[in-house]
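Please build the complex by placing chain B on the supplied structure of chain A, with the hints as guidance.
Chains as they are written, first to last, in my numbering: chain A, 1 to 268; chain B, 1 to 268.
No lab work stands behind these hints: they were computed from the structure.
The beta carbon of each residue, even a glycine, is placed where N, CA and C say it ideally should be.
Incorrect hints may have been included.
Stated by the list, open to error - Ranges of calculated distance between the beta carbons of each label pair, as one might list FRET restraints:
#1 B:195 x A:98: 20 to 28 Å
#2 B:48 x A:135: 41 to 49 Å
#3 A:227 x B:199: 26 to 34 Å
#4 A:35 x B:198: 52 to 60 Å
#5 B:133 x A:155: 24 to 32 Å
2 protein chains.
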Amino acid sequence: MNRETLHKEILKKKSFLCIGLDTDMQRLPNCVKNADDPVFEFNRRIIDATRDYCVAYKLNTAFYEANGASGWHTLDKTMRYIGKSHFTIADAKRGDIGNTCDMYARAFFEAMNCDAVTLSPYMGSDSVTPFFKYAEKFSIVLGLTSNPSAVDFQNAKDQDGNDWFMHVIKTASGWGTADNMMFVVGATRAEYLADIRKIIPDHFLLIPGVGAQGGSLEDVVKYGMNKQIGLLINASRSIIYASSDDAFDSAAAKEAQTIQQAMSKFIS
Amino acid sequence: MNRETLHKEILKKKSFLCIGLDTDMQRLPNCVKNADDPVFEFNRRIIDATRDYCVAYKLNTAFYEANGASGWHTLDKTMRYIGKSHFTIADAKRGDIGNTCDMYARAFFEAMNCDAVTLSPYMGSDSVTPFFKYAEKFSIVLGLTSNPSAVDFQNAKDQDGNDWFMHVIKTASGWGTADNMMFVVGATRAEYLADIRKIIPDHFLLIPGVGAQGGSLEDVVKYGMNKQIGLLINASRSIIYASSDDAFDSAAAKEAQTIQQAMSKFIS
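Bound-form chain A, shown alone (with noise of 0.2 Å):
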């Protein structure tokens, strides 16, 4: 899915929502327990019950590989599932040299035909340009992280006194364009979004930590977004594990309506 496309189908559903499908074998409702693949039956269930409410999805690879081969199984099914209707991030966090990053590419980009996997920036260009010769995919680099120990490096200086997250953002966002690199900039750090805003304008933003984490939609909406909205709001716990009982697929629409309704207030 391209950006145009993904422009169009967060008009049309009024939504910038990402659900994230970071799913736990060991917080599964015993309802979906005795599936032959428990964890696809319960990510089954939360795509029918979701898809309407958000244009992407996200999947952890880690929560699959914690299940070894079949978890993999798992992560590539769930992917097909949701099919090109919304647009499909490994959250993979990848990150190596050249020959390596086409092997990466191959297996989230040919083999998966996700339209995003995440990237972590510390081996520099290297670690993303070779992902950039599939066309309508996307390379996500961490900028900003949501997380509590991000500020370990992320927010320490460089030699001109600026955070380093700014450093990276600024040097990465050289290597390619808007229409085939975003960024992770989390929700937690809104104050930044302005900043961000000023050196990558045009750029799709991937915005973790809204819900179980506690970062603001408004704060985010009023920093980050672009004319083309340029934001993908990604929650994932306070959705998917909004009830553990038998309609915990009910619940977790309803949670992504509440998103969607209120993100719909800043769709004109």
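Coordinates of chain B only, in the frame set by chain A:
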């Protein structure tokens, strides 16, 4: 495997060689292509032929993920085949928030039962310390990598005018100990090893870049060796693709033995 045992294995074998099983499906010799699991068959023959010359094997997860769920199965099967006689490394370069790291630790330290996993430090201590819950397992944090674009960020300066990778190694080394952490330092940048050893005299270093990437064994030993040897030097392509004919395993063994013999001179 703990640090003490690793040291003993190095002395016993007079080798600190780590062999990288970056096995590319598209570069397999014809003679294994009809096996049930061609990548595993290739790995099995390489392992059988090289066991005596190395103390560690490193499997780059990208090369397995490129083959989807069956690739992950091959990765797992290869780790089990190596067994506990050698130090096993999942070269995964993961890095995420705390609850996600718990999942990665489950994937690599429980399901796959490796001795170590490589981690990218961009997200700070949250992305490393969850792995410390497992005794006698190692988090190998990216310090200075061997790829050309490592300079993009790793050699940018911090506010004190120091290289960024030194800032990272200094900070990250405070999170754990030499018994649960190692660092990646590329052999192509051996001139930095003396400075790095001032910060982390005791930690093992995982050193890629000798072989195909052109780093020098002598320089690495000169600047990087400590009282416990403290080095795992990785070679991948130069060993596993030493030949593409039917005797690819003997060719790999010969190459590994040549490196082991060069290493033996530095072990008294």
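* Looking back at the numbered hints, which does the structure fail to meet, lowest number first? -> Hint 3 contradicted; others consistent.
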